[in-house]
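Q: Each chain is listed here by its residues.
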Amino acid sequence: MQSALRPNRFDPQRLQRLLDLIGPEQSPGFLDQLDRDLSDCAQALSAAAPGADWPALRDTSHLLISLAGSAGAGALHDQARALNRVAHDQDGARLPALCPALDRELAALIAVVRATRDHPALAVPG
Amino acid sequence: MKGPTSSRPPILLVEDTLSLQMIYRAILTGAGHRVAVCGNARDGLEQFRTLRPQIVLLDLVLPDSDGLQLMSAMLDLQPDTSIIAITANGSVNRAVEAMRTGAHDFLVKPIEEDRLLAAVQNALAERALPKPAVADPGGAEVPSDSSGFIGSSPAMAAIHRTIASVARSMATVFITGESGTGKELCALAVHANSARASGPFIALNCGAIPQDLLESEVFGHMKGSFTGAISDKQGAAMAADGGTLFLDEICEMAPALQTKLLRFLQTSTVQPVGAVRPKKVNVRIVCATNRDPLAAVRSGQFREDLYYRLFVVPIHMPPLRERGQDVVEIAEAALARFAREEGRTFLGLDPSVRALLPRLPWPGNVRQVLNVMRNVVVLNQGGWVTPDILPPGLVDLTDSEAFAPLPAAAPAPGPATAEALVGLTLAEAERLLIEATVARHGGSIPKAARVLDVSPSTLYRKIDSWRAHP
Chain A
1 MQSALRPNRF DPQRLQRLLD LIGPEQSPGF LDQLDRDLSD CAQALSAAAP
51 GADWPALRDT SHLLISLAGS AGAGALHDQA RALNRVAHDQ DGARLPALCP
101 ALDRELAALI AVVRATRDHP ALAVPG
Chain B
1 MKGPTSSRPP ILLVEDTLSL QMIYRAILTG AGHRVAVCGN ARDGLEQFRT
51 LRPQIVLLDL VLPDSDGLQL MSAMLDLQPD TSIIAITANG SVNRAVEAMR
101 TGAHDFLVKP IEEDRLLAAV QNALAERALP KPAVADPGGA EVPSDSSGFI
151 GSSPAMAAIH RTIASVARSM ATVFITGESG TGKELCALAV HANSARASGP
201 FIALNCGAIP QDLLESEVFG HMKGSFTGAI SDKQGAAMAA DGGTLFLDEI
251 CEMAPALQTK LLRFLQTSTV QPVGAVRPKK VNVRIVCATN RDPLAAVRSG
301 QFREDLYYRL FVVPIHMPPL RERGQDVVEI AEAALARFAR EEGRTFLGLD
351 PSVRALLPRL PWPGNVRQVL NVMRNVVVLN QGGWVTPDIL PPGLVDLTDS
401 EAFAPLPAAA PAPGPATAEA LVGLTLAEAE RLLIEATVAR HGGSIPKAAR
451 VLDVSPSTLY RKIDSWRAHP
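If you read the protein sequences in the order shown, they are chains A and B. Residue 15 in the numbering used here sits at position 15 of the first sequence, with consecutive numbering throughout. Residue 470 in the numbering used here sits at position 470 of the second sequence, with consecutive numbering throughout.
To be clear, the hints were calculated from the coordinates, so they are not data collected in a lab. All values derive from a computational prediction rather than experimental measurement. No residue lacks a Cβ here, since even glycine has one placed at the ideal position from N, Cα and C. There's no promise every hint is true.
[Said to hold, decoys possible] Restraint-style ranges between C-beta atoms, simulated for each label pair:
#1 A/Asp53 <-> B/Ala355: 14 to 24 Å
#2 B/Ala158 <-> A/Arg117: 51 to 61 Å
#3 A/Arg94 <-> B/Ser65: 27 to 37 Å
#4 A/Arg94 <-> B/Ala158: 17 to 27 Å
Let the hints inform the model, and build the full structure from the sequences given.
A: Below you can see the structure in the form of C-alpha cells.
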C-alpha cells in the first residue's frame, strides 16, 4: 500500500471492527460490496459535480457520509458532510473547491478496501 | 445483548445500501437478535405485513419511496411498532420529522455499534413497560388542573397536540421558552402521557448546581471517589431509570460534562464518579433552556453534536403575552387555588381586570401572574378582584421590565472594589453584586442576567430564596 493512497485521518480499527463483526467468511463479500458502493459514489459524483446536479450531489454525499464514517475515513466523512451542506444550500461557489479533495480521499479509501480484500492475511492497512 | 430472541419476531431492517445493510445486520445478529432485511420500501412493506415485527430499523432515504411514507404505512398497520429511523448526519431535520410522525427513536449515520444496540434495547425495554393509564390526545387541548399549565389559546392547543403525539416515543424533547412559561410543567406533561408515567420523573437544574458537583448529581459517585464522598450516591440518571430525566437549563452545563452527557445519550450507560464499570439505564431525556440553544452552539458554549442529539422534538413554550386570553384562565385558576389555601372567599375577576390582564406584557410570564394573584389574595379579604387591589405599578407596566420589586434587605454597594467586599461571605458578596446589577438596570431581571452572563431564571431563583430566607 502506498502511503500516497492512504486516506487522511483514517482509523483502521473501525474497518477492522466491521470485519470482525461480519466474520471471516462474509468479509470478502462485504469488502466487495463496500468497494462497489464507494465506486458507485465516485461515479455519481463525477457525473453530478460538473453540472451541479444538486439532488444527485445531495443523495450521493448523504450515502458517502455513512460509508466513510463506518469505514473510519475521518477526512472523507467530513468532506462528505461539507458537500451535503453545499448541496442543500445549492452553493455553487463552494462546490469546485470541495470536489478534488473529496475525490482524492474517496479514491484512497477505495484503495484501502481493495488492499484489505486482496490481502486478507494482512491486517487492515493503517 | 445476548439473550433468547426466538420467541420474538425478527427486527426488520430496511436499508438500500448493501454494505450498510451487512454492517447493521452483523451488529444485530452478533448481539443475539434475529434480523430480516430488505432494500426498498415495497419489499419493506411486504415483509412488514408478513413478519409483523415489533421493531423496525428504517432508512429514511429509500430508492422507491420516501421513508416517512413507509413509516406511516407501517404505523397504520400496527400502531405500536417501535420504528427506529436512520438518517445521515446533516439530515437531522428529517429525523425530527420522523419523530413527529411517530418514530420511536432515530440514529444518525454513521451508526456506532453501541448506539445501535442501545436503541434496540431501549425499544425492547419500552415495550415491556405498562401502558399509560391516561393518554387522550383529544382531551388534552384544555388542561383543567391548577398547576399553571393552563390555556385554551391556539398556541397552547398546538403544544398539547405535540405533547400527545411525542410522549409515547423515546424521542428527546427540547423545551425552549422564557423564564416562567412553564417548561418544567411541559416536561411533566410529556412524562405523564408517556408509557413511563408510572416510572420516576427526576428533574435537575443544571444552572442551580455548582459545576464541580454536577457530574456527581447527574451520574452519581462511589464512596471515597473524592474528598467528601462518604457514601455511594445514586445520580439523577440512575434514579430516573425506567422514567424521565428532565435537565433544566441545559445550556448552563459545563463543556466537560456535555461530553459525558453525549456519551450517556449514545450508550445509555452511566458511570458514576469512581466506578469501574458503566451501568445500563433506560431513561428518556427531556431538557429545557430559556436561551437560544443554537446561539449557544454558535458561540461555542454548547456542543453541536450534543445539540443535534437533544434537539429532536423541539417544543417552544410561548410567552404569556402571545397567549391571548390564557392569562385570564391562569389568573382565575390561581385565584381559586390561593383563596382556598389562604382561607379567603373571592368571587372572581372583575370584568375590568379580565379586560386588563391580556393587555399587560407579563415579562415574568405565568410565574409573574401567580405572584400577582398570591399578592392579591394575601393582602385582601375577598370579594371581586378589581384594578385597585392589583399590586401597585402593575397597570403602569408597559415594557419588559420585571414586575417584582426586589426586597430592600441589603444596601446597595458602593464603588465596586474587591477590598470593600472583604469580610463578606461569598454568598453575601454574590447577593450584593446581583442586587446592585438589578438596581442598575431599573429592576430588570432579564437585563441584569445578560450583564451577569447567567440565565434570568437563575436570578429569579436566587431572589426567591432570599425572600424565603431573608
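Q: Now look at each hint and say whether the structure bears it out.
A: Here's how the hints hold up against the structure:
Checking the proposed 14 to 24 Å range against A/Asp53 and B/Ala355 shows it is violated: the Cβ atoms sit about 60 Å from each other. The supplied range of 51 to 61 Å is met by B/Ala158 and A/Arg117, whose beta-carbon atoms lie about 54 Å from each other. One distance hint, 27 to 37 Å for the beta-carbon pair A/Arg94 and B/Ser65, holds here, with the actual separation near 31 Å. In this structure the supplied range 17 to 27 Å is violated for A/Arg94 paired with B/Ala158, their Cβ-Cβ distance being about 37 Å.
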